[in-house]
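Fit chain B to the given chain A structure using the hints.
Chains A and B, in that order, give the protein sequences. Going by the working numbering, the first residue of the first sequence is number 85, and it counts up by one from there. Going by the working numbering, the first residue of the second sequence is number 85, and it counts up by one from there.
Treat the hints with caution; some may be incorrect.
Repeated chains share a single entry, so a pair holds when one copy, or any two copies, can fit it.
What the hints assert, rightly or not - List of simulated lysine-lysine pairs, DSBU-like, C-alpha gap at most 35 Å:
1. 115 with 215
2. 186 with 106
3. 131 with 115
4. 131 with 118
5. 186 with 215
6. 215 with 131
7. 118 with 186
8. 106 with 215
9. 131 with 186
10. 118 with 215
Since the hints were made in silico from the structure, they are not lab data.
Protein chains: 2
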Amino acid sequence: MISPEILRRYPWFAGLSEQVLKAIALISEEKETKQGEVLFEEGDPAKCLILVVEGEVDLTFEGEDSERYVVDTVIAGQPFCWSSLVEPYQETSTAVVRSPGKLVCINGSQLRDLCDADFEVGYLLMLQVAKVLRQRLLGARLQLIASAVGPA
Amino acid sequence: MISPEILRRYPWFAGLSEQVLKAIALISEEKETKQGEVLFEEGDPAKCLILVVEGEVDLTFEGEDSERYVVDTVIAGQPFCWSSLVEPYQETSTAVVRSPGKLVCINGSQLRDLCDADFEVGYLLMLQVAKVLRQRLLGARLQLIASAVGPA
Chain A
85 MISPEILRRY
95 PWFAGLSEQV
105 LKAIALISEE
115 KETKQGEVLF
125 EEGDPAKCLI
135 LVVEGEVDLT
145 FEGEDSERYV
155 VDTVIAGQPF
165 CWSSLVEPYQ
175 ETSTAVVRSP
185 GKLVCINGSQ
195 LRDLCDADFE
205 VGYLLMLQVA
215 KVLRQRLLGA
225 RLQLIASAVG
235 PA
Chain B
85 MISPEILRRY
95 PWFAGLSEQV
105 LKAIALISEE
115 KETKQGEVLF
125 EEGDPAKCLI
135 LVVEGEVDLT
145 FEGEDSERYV
155 VDTVIAGQPF
165 CWSSLVEPYQ
175 ETSTAVVRSP
185 GKLVCINGSQ
195 LRDLCDADFE
205 VGYLLMLQVA
215 KVLRQRLLGA
225 RLQLIASAVG
235 PA
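Chain A with its partners taken away, still in its complex shape (with noise of 0.2 Å):
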């Protein structure tokens, strides 16, 4: 577990209650983090709702051509790997450490067992994950007009 004041300070989490902050603390662990370490691959089980603390990772995929493509940078304060809250809960990425640092793991399946037995927070959690998929999608069609996407 880690301390609720963490998650205080990730807007993700603004609306929810001081009850339900311990709670998400309690199924939360903290990880320190190697350059080049690779988090997860496009294809496992999404387990986690991963918070960056310190540090960046590279979210990337593989292209037709084996090449590593890098679709996205989470950078401190960000939230990555959604994936573990939204049906079929498989990573859609590869994600790789871009400069070491921290991160916090928050359990998926537990964290929607939250969600599903407080309708409001699986509410205010999923507006906020439909925020970081628009990001997501703007940024890919950005690089989609841009063509701008090169090998990592």
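Using the frame of chain A, we list chain B on its own:
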């Protein structure tokens, strides 16, 4: 308003009670479409969540070269304009009718009011929105890989 029967056919609304379906039907309208009709443009306020009942709609956006690119084609049974439920409620693409048919337009602001009044409705709908966004994101990434996107 429309008949709640129309909504019941969509997997999107699975899990919602009869009462909620009736409330959504009350804030919905049917609309006939014509080929080539522009339903909304990128940057417009996103006013409605839209279900395609018949026909097809291209989601397009303008590249830096002023060409118009198709990023997705929405077919019968699918929803679009999820932006009406996600801040800042602004269209991220321009929707052009590819083949004429019929749409159901659900008032976005009133639908958000329903979500705020009943978090279970909000949670269920936002889970569906996230699934649509997931599909759009995977589609955009596939286009990125293939660099197969061409002018509309």
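Comparing the hints with the structure gives:
1. 115 with 215: Cα proximity of residue 115 and residue 215: in one copy and across copies (25 Å, 28 Å).
2. 186 with 106: within (20 Å within a copy, 48 Å between copies)
3. 131 with 115: within (14 Å within a copy, 42 Å between copies)
4. 131 with 118: Intra 20 Å, inter 45 Å, cutoff 35 Å: intra-copy only.
5. 186 with 215: both (23 Å within a copy, 29 Å between copies)
6. 215 with 131: both (20 Å within a copy, 17 Å between copies)
7. 118 with 186: within (9 Å within a copy, 53 Å between copies)
8. 106 with 215: For residue 106 and residue 215, the Cα distance is within 35 Å both inside one copy (24 Å) and across copies (28 Å).
9. 131 with 186: within (17 Å within a copy, 40 Å between copies)
10. 118 with 215: both (28 Å within a copy, 32 Å between copies)
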